[in-house]
Structure formats: structure tokens, C-alpha cells
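Engineer: Listed here are the chains, written in short residue letters.
2 protein chains.
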Amino acid sequence: MSPLVKKSTGEFEEFDEQKLRRSLKHAGAIPSEIAKIIQQIRPLIHEGISTKRIFNHSFRLLRRYSQECARNYSLKKAIFELGPSGFLFEKYVAEVFKAKGFKVKVGVVKKGCCVKHEVDIIASRPDKTIYVECKFHNHPNRKNDVKTALYINSRFLDLKNNKANEFDEFYLVSNTLFSKDAVKYADCVGVKLLGINSSYGDDIQAIVNKYHLHPITSLQSLKKKHIHALMSREIVLAKSLLKQKKTLFELGLDEMEIKQVFSEIKNVRRSYE
Amino acid sequence: MSPLVKKSTGEFEEFDEQKLRRSLKHAGAIPSEIAKIIQQIRPLIHEGISTKRIFNHSFRLLRRYSQECARNYSLKKAIFELGPSGFLFEKYVAEVFKAKGFKVKVGVVKKGCCVKHEVDIIASRPDKTIYVECKFHNHPNRKNDVKTALYINSRFLDLKNNKANEFDEFYLVSNTLFSKDAVKYADCVGVKLLGINSSYGDDIQAIVNKYHLHPITSLQSLKKKHIHALMSREIVLAKSLLKQKKTLFELGLDEMEIKQVFSEIKNVRRSYE
Chain A
1 MSPLVKKSTG EFEEFDEQKL RRSLKHAGAI PSEIAKIIQQ IRPLIHEGIS
51 TKRIFNHSFR LLRRYSQECA RNYSLKKAIF ELGPSGFLFE KYVAEVFKAK
101 GFKVKVGVVK KGCCVKHEVD IIASRPDKTI YVECKFHNHP NRKNDVKTAL
151 YINSRFLDLK NNKANEFDEF YLVSNTLFSK DAVKYADCVG VKLLGINSSY
201 GDDIQAIVNK YHLHPITSLQ SLKKKHIHAL MSREIVLAKS LLKQKKTLFE
251 LGLDEMEIKQ VFSEIKNVRR SYE
Chain B
1 MSPLVKKSTG EFEEFDEQKL RRSLKHAGAI PSEIAKIIQQ IRPLIHEGIS
51 TKRIFNHSFR LLRRYSQECA RNYSLKKAIF ELGPSGFLFE KYVAEVFKAK
101 GFKVKVGVVK KGCCVKHEVD IIASRPDKTI YVECKFHNHP NRKNDVKTAL
151 YINSRFLDLK NNKANEFDEF YLVSNTLFSK DAVKYADCVG VKLLGINSSY
201 GDDIQAIVNK YHLHPITSLQ SLKKKHIHAL MSREIVLAKS LLKQKKTLFE
251 LGLDEMEIKQ VFSEIKNVRR SYE
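Line order of the protein sequences matches chains A and B.
Going by my numbering, the first sequence opens with residue 1, and the numbers climb by one from there.
Going by my numbering, the second sequence opens with residue 1, and the numbers climb by one from there.
Chain A extracted, bound-state conformation (with noise of 0.2 Å):
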């Protein structure tokens, strides 16, 4: 019998290591770090060791044999830090669209055929308009449902049925994992998802490392309390401090360690080139 491990509503169960090895590949870990991964975990595992424990440990030695895994891991923890409202997550998807060389506009209220709907952002290029709806959540497991998908798809018709609003696409952007019936349905009805690690389609992780898109909360060199001010400016991208040594003055930092910060914004986007 596996010892009794501690989970996160303080209910006991046996360890499972098949749990771990899902975990660990949906983080996009491959079959050998896995296996080296488990190996170092095994020793570990003693009665009453919270899950939480075994799974920061275990993301921590992913880190250490795979570099794409922890800038996966560290992407969707920083894009977390934008929160607790929802509206910088909005600016940063934002800023996603304009990567992709949309023209965006934040927040517009549309008249549909029968009500009226704020749409978060509207995103537009010669070639085609897209409608955006982003749906920010506080904790990793809570998952968009089929729910969110039944009524983004009824705004979306509600207001391509008003002929006054021309769009081509309507995404559902969101920075945690999508249900298999919010797949399904979305697919099925023609609404474009896009989320972090997903499995299908366009990722944001992908686009990130395309464009250079890293949050500010994901500045290692920064305060905290420097990242809340920035946030409260409403600047959501690491690279826009590159333009914004004056501000940074403001805030209080001197130029040694302005440079440290813009050191790490470059040395970040080196690394992927």
C-alpha cells in the first residue's frame, strides 16, 4: 500500500504516482524527465506529506531539466499576478492581438439584435475584425465550462444577428484550461478559444515567445511593490519599461538597478531568439 498523502481539503488518500506522471506531462515534461523526476520524488513520499508539497517539489525539478517547461510554468503563474480583477489580463490580451498586428479597442459596449453587451476587446486588421471575451479566474483549477461557452456563443449571435456589427471571429480567451465539452460545444458552434497549454489551435505561450510578450509580473529584478505601481499605471508588458526609464526614476529606483531590470527584459527575449 502507497503511504497516505495529504490533499488540499485536508482529506487523506493513498499516493498516486500515475497523478504525478499526468501532472507532470500536461506541464509538457517528456517520458525521460518524467521518469527522472519520479525517481527523485519517490525517496520523498511519507505518511502525511501534503500533494501540495510532493507537486512543488516536483515542478521545481521540472524546472531545473527543462527550460521550456518552467517558462510555460512561470508564464501562466505571472499572468495570474495580473489579477485579482480581471482588467489587466484584458489590457494584456490586448496587447496579444496588437502583437499579431490588430489595430484593439478595450471594452466597447455593441448593441446586439435584442440586448446591448460590453465586448471586451474588438480587434481589427484589413483582413478580418475579431470580437474578443475574456474570462480571468483567480485559481489554476477552476476551468472555463460548457456554461461560459453556451453564453458566449448566444452574445456572439445576438450581435452578429444586429447587421450594423461586422465581424468575422468570435474568441473566448481565458487564462486557465477549457472543458472537454467547452471544446467540443465551441468547435461545434464555430467560437475560437484560446488559452494557456491548450491543446488545440493557437496558445498563448507560443505567441508570447513569438512576440516577446512576457508580463511585468514576470520580472524577477523588480519589487513587488515596484510591479503593483507599474500595474496601477495600467503597463502589462515586461518590454514597454524599456520605454519608460522615467517612470521607473518615479518609482524610486536608481540607475543601477534600472539597468539590472532592463538587463533581464533583454536577456529574456535573447533567449528565445
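Hints were generated in silico from the structure; no laboratory data involved.
Treat the numbers as computed from the prediction; the structure is a model and nothing was measured.
Just to be clear, a hint being listed does not mean it is correct.
It does not matter which identical chain is used: a pair holds within one copy or between any two.
[Said to hold, decoys possible] DSS-like, lysine-lysine: derived pairs with alpha carbons at most 30 Å apart:
1. K111 x K77
2. K245 x K225
3. K25 x K259
4. K19 x K116
5. K100 x K180
6. K163 x K180
7. K98 x K266
8. K25 x K116
9. K160 x K184
10. K7 x K110
11. K110 x K192
12. K147 x K105
The hints should help you fit chain B onto chain A, whose structure is shown.
Structural biologist: Frame of chain A, contents of chain B only:
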């Protein structure tokens, strides 16, 4: 300046007589009753009194003046007491449709065109079949917003798009109010709404009075523990008890107590006839 009164959020605001008038009107009071109540409430308003106390007191007075308002008010409260889960509310709504001559099935999983959906109630009568979605809220101020109506309509369309499902109407039934936009949207797309004291179409209150569908939670002559025991046996209607004498004996009630309960049930019925 009016005295400052304490809101449920802990904040203070100036006492607003108009607000109290509106809430009494909303509960069904007529102008002469409102005038009398306000006159009696005015001397009680002092700095720091809670709005909750003001409203409770006003409603006690309202119940004294208007039998019908009192009934509305207690029905709403009794339906809340079927919670906290929405399960017994579904059973209760099923009874409403049964009373109107429908055969009902509760919690049926149906395939839509894209995904499966659980339909809370399927009500069929020779002339029509209705699919019903129930929304139970534990807080009276929690309105059903347009998102709920949007999601319900997508579900309805997905079910409709599978030719195997034959139904004529789609209902959204709730124990709380619907937002203006929810009403506007539902009306526009053809989803029927059924609520308590709703200002449009059908109203649970009227049906309850017509068919004597008083919830078991409205009985004053039963102890709370007995009501809960009966609820755990999925008994939701007061009048069902008339055929459940044996159950009441099993719960420990004596002949005298049962007589009192039966008399209350018959009296409520008589008071509407």
C-alpha cells in the same frame, strides 16, 4: 438631513424614505397601506439603526394590513427555505407543472447538436412539451442576469438543433427576479420566464394560490426538525402530508399534533377559496 442608517455592508447612508416606499410597493402594498406604514415607521428611525431592522419592521406592519402581501412575502420566504441546494426547488417546480396537467420527468440528460445537456424538468401534455431550466438562488437580491438568459438560450438552440428532441417551449424558472436585460433578451429570443411576483406573464404566486401548492416550509404548526426530516424524504408540498399520516407518526408526532398540522393545511386552502 435624514439620520444615517447602517447598510448590510456595514456602510452608513442617509435614510431614504423613497427607497422604503419602493420596496413596499414592490411587495404589493397599495398607496394607502404604504402611507400608513411610513407614518408608523418614521418615529423609529434613529441614527445608526440598521436598514435590515427598518425593512423587517415595515414588512411586519405590511403583513398586518394586507393578507395578500403577507402571503406573497411568506411564499417567497418558504421557497427560499427549500434550499440551500436547488434540488428541492426543482422538485417543487415540477409540482407546479404537474398541477397544470403536465407529466413531468426531472433531471433528464438529452443530446444536443453539439454536446449533452441535463434538462432539469421535461413537462409533457398532449398539446405541448416544455423543457425547463431551474435557477435557485439563496439570496433574495441575487437577480438572474442576462448571462443566465444567454446561456439558457444557447442550450435551448443546441437541443433544438438535434431533431430527435421535440419540444415546443423552453422555460427558465427562478425563485428570484430577472434583470431588465434578462427579461428583454428572453422576450426577444422566445425563452419563457417564470418567477415570483414577476411583472410579466405567468407568476408562481398565482399558480400556487390556484392549485394550493404551498411549500411544506410554509407550515407554522410543524417543528423545524420535522420539516427538515420531511424535506430529506423529498416531500415539498404541504398538501402531500394529508396522505402521509404514517410518516408523521414515524417522525414522532402524536395524534393531536397531526390534527393541528392537517387543520393548518386545510385552512390555508380554504382561505383562498
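Engineer: So, for every hint listed, does it hold in this structure?
Structural biologist: Taking the hints in turn, this is what the structure says about them:
Taking identical chains as interchangeable, the C-alpha atoms of K111 and K77 are never at most 30 Å apart, the minima being 36 Å within one chain and 37 Å between chains. Only within a single protomer do K245 and K225 lie at most 30 Å apart by alpha-carbon distance; the minimum there is 17 Å, versus 68 Å between protomers. For a Cα distance limit of 30 Å, the shortest separation of K25 from K259 qualifies neither inside one copy, at 37 Å, nor across copies, at 66 Å. With identical chains, the CA atoms of K19 and K116 are at most 30 Å apart between copies only, with a shortest distance of 27 Å across copies and 45 Å within one.
When the C-alpha separation of K100 and K180 is checked against a cutoff of 30 Å, the pair qualifies only within one copy, where the shortest distance is 28 Å, while the shortest distance between copies is 38 Å. For the homomeric pair K163 and K180, the shortest alpha-carbon distance between copies (24 Å) is at most 30 Å, but the shortest distance inside one copy (32 Å) is not. For the homomeric pair K98 and K266, the shortest alpha-carbon distance inside one copy (20 Å) is at most 30 Å, but the shortest distance between copies (69 Å) is not. Taking the closest pair of Cα atoms, K25 and K116 come within 30 Å of each other only across two copies (29 Å); inside a single copy the shortest separation is 43 Å, beyond that limit.
In this homomeric assembly, K160 and K184 come within 30 Å of each other (Cα to Cα) both inside a single copy, at 21 Å, and across copies, at 17 Å. Taking CA atoms no more than 30 Å apart as the test, K7 paired with K110 passes in neither setting, with 45 Å inside one copy and 35 Å between copies. In this homomeric assembly, K110 and K192 come within 30 Å of each other (Cα to Cα) both inside a single copy, at 20 Å, and across copies, at 25 Å. For the identical chains of this complex, K147 and K105 are neighbours both inside a copy (26 Å) and across copies (22 Å), given an alpha-carbon limit of 30 Å.
Checked against the numbered hints above, the structure breaks hints 1, 3 and 10 and satisfies the rest.
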